[in-house]
Amino acid sequence: MEIYNDLKNALLSYNKKEVQECVEKTISMNLDANKTIEVLSEGMALIGDKFARNEIFLPAMMLAANVMNAGMSILKIKIEQERIQINYRGKVIIGTVFGDIHDIGKNLVKILLDSQGFQVIDLGVNVKSDVFIKSIKDNKPDILALSALLTTTAPEMGKTIQAIKEANLRDSIKIMIGGAAITEKFAISIGADGYEPTAPLAVKLANEFVNKHN
Amino acid sequence: MARKGFKRNFPPLEILRKEDVEQIKMASLDILKETGMTIEHKTALELLQKNGCLVDFDTMRVRFPEGLVKECLSRCPSSYRVKTRDEKDDLIFGGNTVYFHAAPGMGIVDLDSWSYREPTEREFIESVTVLDALEYNDYYSVYTPYFGYSGVPEVMKMTMGLVQLIKHSTKLPGAGFANYNWDFNFRIAKAAGTEVMCPALMVSSPLALSEFAVEAAYKTLEYGFPCGVDTGSVFGSTSPATLAGSLAEFNAELLGCIVLIQLIKPYSRVFVYGFPHSQNMRNGAPNFGNISNVMFNAANNQIWRDYGVPVRNTASCYTSSKKIDFQNGMERSMAATISALSGASAINLHGGIYGELTHHPVQAILDNDMAGMIGRFIQGIDVNDETLALDLIHMVGPVPGHFLDKEHTFNWWQHEQHIEECADTMTYPEWEREGKMDCIDYAKEKMKKILSNHEVSKKLSVEQEEEINEIIREEEEFYKKRGELN
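For the protein sequence lines, the chains are L and Y, in the order given. Residue numbers for the first sequence, in the working numbering: 1 to 214. Residue numbers for the second sequence, in the working numbering: 215 to 700.
Rather than coming from a laboratory, the hints here were simulated on the basis of the structure. Be a bit skeptical, because a hint or two may be false.
Said to hold, decoys possible - In silico lysine-lysine, DSS-like type, Cα no more than 27 Å apart, as pairs:
id, chain 1, residue 1, chain 2, residue 2
1, Y, 673, L, 50
2, L, 8, Y, 620
3, Y, 658, L, 50
4, L, 76, Y, 658
5, Y, 256, Y, 433
6, Y, 658, L, 16
Stated by the list, open to error - Chain L stretches covered by chain Y per the calculated footprint, using a threshold of three residues with CB under 8 Å from any CB of chain Y:
id, segment
7, 46-60
8, 105-118
Glycine included, every Cβ here is placed at the ideal spot set by N, Cα and C.
Work out the full structure: start from the sequences and follow the hints.
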């Protein structure tokens with residue numbers, strides 16, 4: 001449909017005004033809101049591919065996400081009015097583990113996951129394992145993303161995973177970890193499901209998790 | 215249209231106090247007046263005498279009156295255009311513009327053994343192709359990239375090198391002189407429709423000009439090309455060991471050259487060269503990469519900025535290292551940065567490694583990144599409503615606000631950062647996964663890419679090629695008659 005092509009092209013050219021106009025048009029045409037979200041997500045996936053090929057940099061990807069959200073904010077009114085269920089790519093709980101207050105990396109991953117259509121619940125920094133466990137029980141996420149910058153706080157990730165096991169929640173989620181001092185070997189040693197060294201690769205890993213899951 | 219180079223947007227670095235500058239200038243005038251220079255050229259001596267110099271024809275010694283020096287200096291244009299065979303590559307020297315250009319080597323280094331040898335014709339052309347493709351290589355020094363290539367008779371090497379340079383690049387070529395080849399080289403340049411840069415009036419330091427150098431200057435001016443004045447003080451051997459003394463002598467030599475040029479052809483475009491180095495007191499070689507060379511350039515730039523004549527600096531392209539390694543990077547980056555900060559109009563950089571002995575295109579590719587970084591630095595920091603981003607800071611507010619998805623970031627980050635093409639900027643785990651590549655590996659990859667994709671923007675016409683071939687034949691005949699070519 002022409003309107004969907006226009007919407008995707010507006011997103012690919014980072015044009016906020018055009019994206020909003022296109023979304024308004026889909027509403028006036030009474031088109032399916034989830035289909036509009038799907039088109040925007042396809043556009044974001046193309047942007048993600050460009051990023052992966054080193055054709056664009058983070059600010060371009062993030063601006064595209066911002067533009068997409070500008071369209072989504074208009075769509076949200078319709079979604080709320082008509083109580084439409086949004087089809088998120090997946091649900092992620094994210095936080096920096098207990099003892100560590102560094103959050104730049106964690107925030108970057110959160111922003112990128114948001115932009116890729118994930119529902120992200122950010123528990124912040126210095127998060128104790130029982131807080132993670134409560135949030136997993138309450139929100140039933142697909143993925144738990146743990147962050148730690150310091151070598152001294154990284155072992156807390158292992159303790160958190162152990163506590164999740166003891167709470168019989170381990171099999172219900174995928175756990176990914178990240179941080180400057182983290183290595184693949186460490187991730188395996190503490191029983192995480194995956195690790196990536198950069199925020200964009202972490203999003204790729206999250207996509208792999210939900211694709212396998214679905 | 216012309217090459218933009220970089221603009222230095224803040225006051226230049228001053229290593230000398232104002233009174234130091236004046237004292238050195240006065241000392242130079244005193245040297246020219248009291249000791250003078252030896253100039254081994256009868257016509258030049260007559261011209262100098264006619265214009266008020268004291269000339270001793272027996273010793274060929276010339277003593278210069280202060281007024282004449284100042285008058286000739288005032289005839290030098292402070293800014294001028296130099297034309298190339300493709301207008302986009304023309305250069306406008308002067309003001310706060312800084313150009314970077316390619317440096318020569320007699321041989322090509324092997325990147326594993328670090329030994330060197332004469333390049334083949336193919337290697338010569340490949341090096342020119344890389345230099346033509348590099349964004350921040352604005353033109354070529356003399357003998358660049360190599361003094362010649364294998365399979366060519368010695369007397370023809372410089373000419374054949376120039377021909378390859380002109381064929382495979384539209385950027386301004388340098389022209390060197392040897393064996394009285396100037397007419398042929400200048401005619402080749404004219405046939406191709408380009409000017410050339412040549413350090414024609416080359417001083418034999420201390421304080422002497424050979425007949426050959428003066429003849430080269432006459433020819434350069436006859437063809438109407440910019441005339442470079444060049445001297446190569448070695449502190450402690452051909453000039454005093456002190457930087458102040460060397461500056462005074464170096465300066466006097468250049469001023470003497472400028473007098474001669476402006477008397478031969480008033481208001482000619484003059485470019486100040488220079489190959490100043492401290493003396494390696496252990497082996498007698500120039501001490502490439504020494505910090506005193508860098509300091510000398512900074513002071514020299516300050517003095518010649520004051521005179522209003524564009525200056526080119528050399529120290530940045532030559533290191534004492536034989537490899538592309540830390541010492542090489544340390545010495546050349548410090549020299550090039552200080553040159554740019556202190557007001558050089560051109561900086562000799564791309565590709566030179568040790569002395570004028572070695573050159574490699576991989577080094578040139580790495581130097582291009584360095585030129586970009588330095589260029590970004592001298593452009594300075596824009597401070598205005600848009601760059602202060604006060605409204606944006608208010609809008610974003612404290613955490614969880616962020617700037618990464620804002621149009622302002624999208625519009626500005628690449629302007630503010632210089633992204634090196636060959637630096638390793640990976641995270642540690644990425645670097646391990648991707649094969650632990652370093653900047654030299656990336657430069658090698660880039661070289662392959664350039665050689666498979668790059669084409670010169672404007673080829674020589676069939677008529678131009680024929681004319682150049684005819685000049686080459688004439689030059690061969692010239693050397694045959696002189697018994698220098700079989």
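Checked hints:
Restraint check: the Cα-Cα separation between residue 673 of chain Y and residue 50 of chain L comes to about 35 Å, which exceeds 27 Å; the hinted pair is violated. As the CA atoms of residue 8 of chain L and residue 620 of chain Y are separated by approximately 19 Å, the hinted pair is consistent with the 27 Å bound. Among the hinted pairs, residue 658 of chain Y with residue 50 of chain L is consistent with the structure: their alpha-carbon atoms are about 25 Å apart, no more than 27 Å. With a C-alpha separation of about 51 Å, the suggested pairing of residue 76 of chain L with residue 658 of chain Y is violated against the 27 Å cut-off.
Taking the CA atoms of residue 256 of chain Y and residue 433 of chain Y, the gap is near 15 Å; set against the 27 Å cutoff, the hint holds. A hinted pair counts as satisfied when its Cα atoms are at most 27 Å apart, and residue 658 of chain Y with residue 16 of chain L does not qualify at roughly 41 Å. Proximity of the segment 46-60 of chain L to chain Y, defined as three or more residues with a beta carbon under 8 Å from a beta carbon of that chain, is established by the 4 residues found. Residues of the segment 105-118 of chain L with a Cβ under 8 Å from some Cβ of chain Y number 4, which satisfies the need for three, so the listed coverage holds.
Figure legend: structure checked against the earlier numbered hints; hints not met, in rising order: 1, 4, 6.
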